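K.L.:
Take a look at the letters that make up each chain.
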Amino acid sequence: MRSMLAFAVALLLGVAAHAAVPLQASKVSVSEAGQLERDAQIELARQIVMHGSPQGAHSCATCHGEEGQGKTKAAFPHLAGLPAPYLIRQLRHFNQMARDNPSMQAIAHNLSESQIVALAAYFSRLVPPPVMGATVQPPALGEQLALHGSGAVPACVTCHGPGGRGLGGALSAAFPPIAGQPAVYLERQLVAWRNDKRPAGPDGLMGAVGKHLTVEQIRAVSLYFAAQPTLSNVPTAVVRP
Amino acid sequence: MTRPCTLHLSRIAGLAAAIVVLAGCGRPGVPKQETAASRNERAASPHLVVFAPPPLSEIPDDAFGAEVRHGEALFRNTLANAPQYVGNSLTCQSCHLDAGRLAGSAPMWAAWVSYPAYRSKDRRVDTFAARLQGCFRYSMNGKPPPLGSPVLVALEAYSYWMAKGAPTGALLAGARYPVLPRPAQGWNYARGKTVYEQHCALCHSPDGQGLLVDGKPWFPPVWGSRSYNWGAGMARLDLAAGFIKGNMPLGNGGSLTDQQAWDVAYYIDGHERPQDPRYLGSILATREAFHAGPFDTYGRSVDGRLLGAGTGTTGTTTGAHGKRATKPAGT
Chain A
1083 MRSMLAFAVA
1093 LLLGVAAHAA
1103 VPLQASKVSV
1113 SEAGQLERDA
1123 QIELARQIVM
1133 HGSPQGAHSC
1143 ATCHGEEGQG
1153 KTKAAFPHLA
1163 GLPAPYLIRQ
1173 LRHFNQMARD
1183 NPSMQAIAHN
1193 LSESQIVALA
1203 AYFSRLVPPP
1213 VMGATVQPPA
1223 LGEQLALHGS
1233 GAVPACVTCH
1243 GPGGRGLGGA
1253 LSAAFPPIAG
1263 QPAVYLERQL
1273 VAWRNDKRPA
1283 GPDGLMGAVG
1293 KHLTVEQIRA
1303 VSLYFAAQPT
1313 LSNVPTAVVR
1323 P
Chain B
-18 MTRPCTLHLS
-8 RIAGLAAAIV
2 VLAGCGRPGV
12 PKQETAASRN
22 ERAASPHLVV
32 FAPPPLSEIP
42 DDAFGAEVRH
52 GEALFRNTLA
62 NAPQYVGNSL
72 TCQSCHLDAG
82 RLAGSAPMWA
92 AWVSYPAYRS
102 KDRRVDTFAA
112 RLQGCFRYSM
122 NGKPPPLGSP
132 VLVALEAYSY
142 WMAKGAPTGA
152 LLAGARYPVL
162 PRPAQGWNYA
172 RGKTVYEQHC
182 ALCHSPDGQG
192 LLVDGKPWFP
202 PVWGSRSYNW
212 GAGMARLDLA
222 AGFIKGNMPL
232 GNGGSLTDQQ
242 AWDVAYYIDG
252 HERPQDPRYL
262 GSILATREAF
272 HAGPFDTYGR
282 SVDGRLLGAG
292 TGTTGTTTGA
302 HGKRATKPAG
312 T
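Those protein sequences? They're chains A and B, same order as listed.
Here the working numbering is used: position 160 in the first sequence is 1242, and no number is missing along the way.
Here the working numbering is used: position 128 in the second sequence is 109, and no number is missing along the way.
If you're looking for bench data, these hints aren't it; they were derived computationally from the structure.
Model, not experiment: these values are computed from the prediction.
Built from N, CA and C at the ideal position, the CB exists for glycine as well.
Certain hints may be false.
Claimed, not checked - Not close to chain B: a few residues of chain A, all C-beta gaps over 10 Å, as computed:
{"id": "1", "residue": "His1133"}
{"id": "2", "residue": "Ala1143"}
{"id": "3", "residue": "Gly1147"}
{"id": "4", "residue": "Glu1148"}
{"id": "5", "residue": "Ser1206"}
{"id": "6", "residue": "Arg1207"}
{"id": "7", "residue": "Ser1232"}
{"id": "8", "residue": "Gly1243"}
{"id": "9", "residue": "Ala1252"}
{"id": "10", "residue": "Leu1253"}
{"id": "11", "residue": "Ala1256"}
Unchecked claim - One-sided excerpt, in silico: chain A residues whose CB lies under 7 Å from chain B:
{"id": "12", "residue": "Leu1287"}
{"id": "13", "residue": "Pro1317"}
{"id": "14", "residue": "Ala1319"}
{"id": "15", "residue": "Arg1322"}
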């Protein structure tokens, strides 16, 4: 049953990638047609997540978990709940070898643009994993930097939202949530910016921030955000006045 | 040559670059434009003292330290800590980054050792406290806390503590905002709009109104009824351009060209904002009295609109300096 669906999905591939267009263009049968296309897109992504892409990309689940929950011990980031535009941007950067990670470069090399879009839609809809309490007490320096910044480095939460959980909508697409990612993963990203090894991001903002961080600050702030919950009981109220 | 806005010479005796224009204080006696040459001369001056404020972790754990912390809290979260004196959605930190510690962002440690200062426009010596009052009245569109009030005492304690060890009267590197040479192409609204949309709108919103998060000002409004009023220093193009060049986009200061900084300053200050508390009953009279300088947009027609009508939410001006119609827009 599933393989038949997968076949249908493969045929739909081209359509699925452009789901957003008819959704906006016509309001008539949008709900039905849109829903079908979304289902197809999600199913396409599911196949890749579980079994890899036909071109040979490994199954994402191997490293990022079936639910996109990541693997803290191996420093594989969670993808669940990250905004689709952010995920698309990252997969393109790996695909273009602009972001430095040999495994992910090889994987993204074997993904088409429409597969990238489908995978991003898939993971963005999942609920991020809860965070196990901190194993190491984060140094006070980490919290100071996260909440207040230091010198030319603004408070991380200014862009990444309260607790690093993002500011929602277009802002989260630009400034992804960073709460609850593995500390080693976070540290690697910040070191990459310090060394010009990761694209600077929208308007060069994160690259500029990373440049100013010391090794000590990077360690401390990574431990801090790794220990922050991905979800909050009190949702952040973001208002455009 | 008129120097309406220089520090009294005796305070910076021996400093050849005494032509430093302390632009923040000036109007309507138009401050002399600091040229790129005089600026470089100033920057290269052997008299420029390099200073770094102590880390916050060194705030002492005693009664004085408590006052310092109170000042820091006021600085970061002004509305919550001094609601009676604040009339907009800004904080002191909105324009003095890193809680007033960042060089090039008019830091408080550099300000503390620069007062009292003679300000020729004012024709009097202003104390540091009077300077703080100015920022409340104009930049915060509010009401100046009375001299000796807990709010001013806390802000003074915080600034004094930060300036510990800085030589009084010295010109410190990183004081005030960067001074930009006047732009070759003048300033232009359409170009400014493009810069705004590309580099600013993400945070400050396309409509300039910023963002509130959990009820707190998060990305501050850059124009409109919740921003600084027409009497504020930031309403002047040279100060706004200097601030923007040095500090915006947030975290990536210095990334815009000077031309972009001037253009986007003109775009921001080309929008309506709360009335100047010194309003004299007509836009024309107010412009003549306080906004005759080349860097003012008040009372000018920008993008087909005459600016200066205000937004109907002018802050209270009954405080200590409310009666002084000649008080310059310090901040």
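K.L.:
Holds or violated: the hint that Pro1317(A) contacts chain B, with Cβ atoms closer than 7 Å.
P.N.:
violated, 10 Å
K.L.:
Mind verifying the non-interface call on Ser1206(A)? Its CB should be farther than 10 Å from each CB in chain B.
P.N.:
holds, 19 Å
K.L.:
With 10 Å as the threshold, tell me whether Arg1207(A) passes as away from chain B on beta-carbon distances.
P.N.:
holds, 24 Å
K.L.:
A cut-off of 10 Å on Cβ-Cβ distance, and Gly1243(A) was said to be off the interface with chain B. Does that hold?
P.N.:
At about 7 Å from chain B, Gly1243(A) fails to clear the 10 Å cut-off, so the statement is violated.
K.L.:
Hey, does Ser1232(A) actually stay past 10 Å from chain B on C-beta?
P.N.:
For Ser1232(A), whose nearest Cβ neighbour in chain B is about 7 Å away, the distance does not exceed 10 Å, so it is violated.
K.L.:
Holds or violated: Ala1319(A) as interface residue toward chain B, Cβ cutoff 7 Å?
P.N.:
holds, 5 Å
K.L.:
Checking a non-interface call: every C-beta of chain B should be farther than 10 Å from the C-beta of Ala1252(A). Is that right?
P.N.:
violated, 8 Å
K.L.:
Is the hint on Leu1287(A) kept, meaning its closest Cβ partner in chain B is under 7 Å away?
P.N.:
Leu1287(A) check passes; min Cβ-Cβ to chain B is 6 Å, inside 7 Å.
K.L.:
Run the C-beta distances from Ala1256(A) to all of chain B and say if the shortest one exceeds 10 Å.
P.N.:
Its Cβ does come within 10 Å of chain B, the nearest being 6 Å, so this is violated.
K.L.:
Per the stated criterion, does the least C-beta distance between Gly1147(A) and chain B lie above 10 Å, as a non-interface residue requires?
P.N.:
Check passes; 30 Å lies beyond 10 Å.
K.L.:
Is the claim that His1133(A) lies outside the interface with chain B correct, judged by CB distances over 10 Å?
P.N.:
At about 38 Å from chain B, His1133(A) clears the 10 Å cut-off, so the statement holds.
K.L.:
Please check whether Arg1322(A) passes as an interface residue: C-beta within 7 Å of a C-beta belonging to chain B.
P.N.:
With Cβ-Cβ at 6 Å, under 7 Å, it holds.
Consistency with the previously given hints fails for numbers 7, 8, 9, 10, 11 and 13, ordered from lowest to highest.
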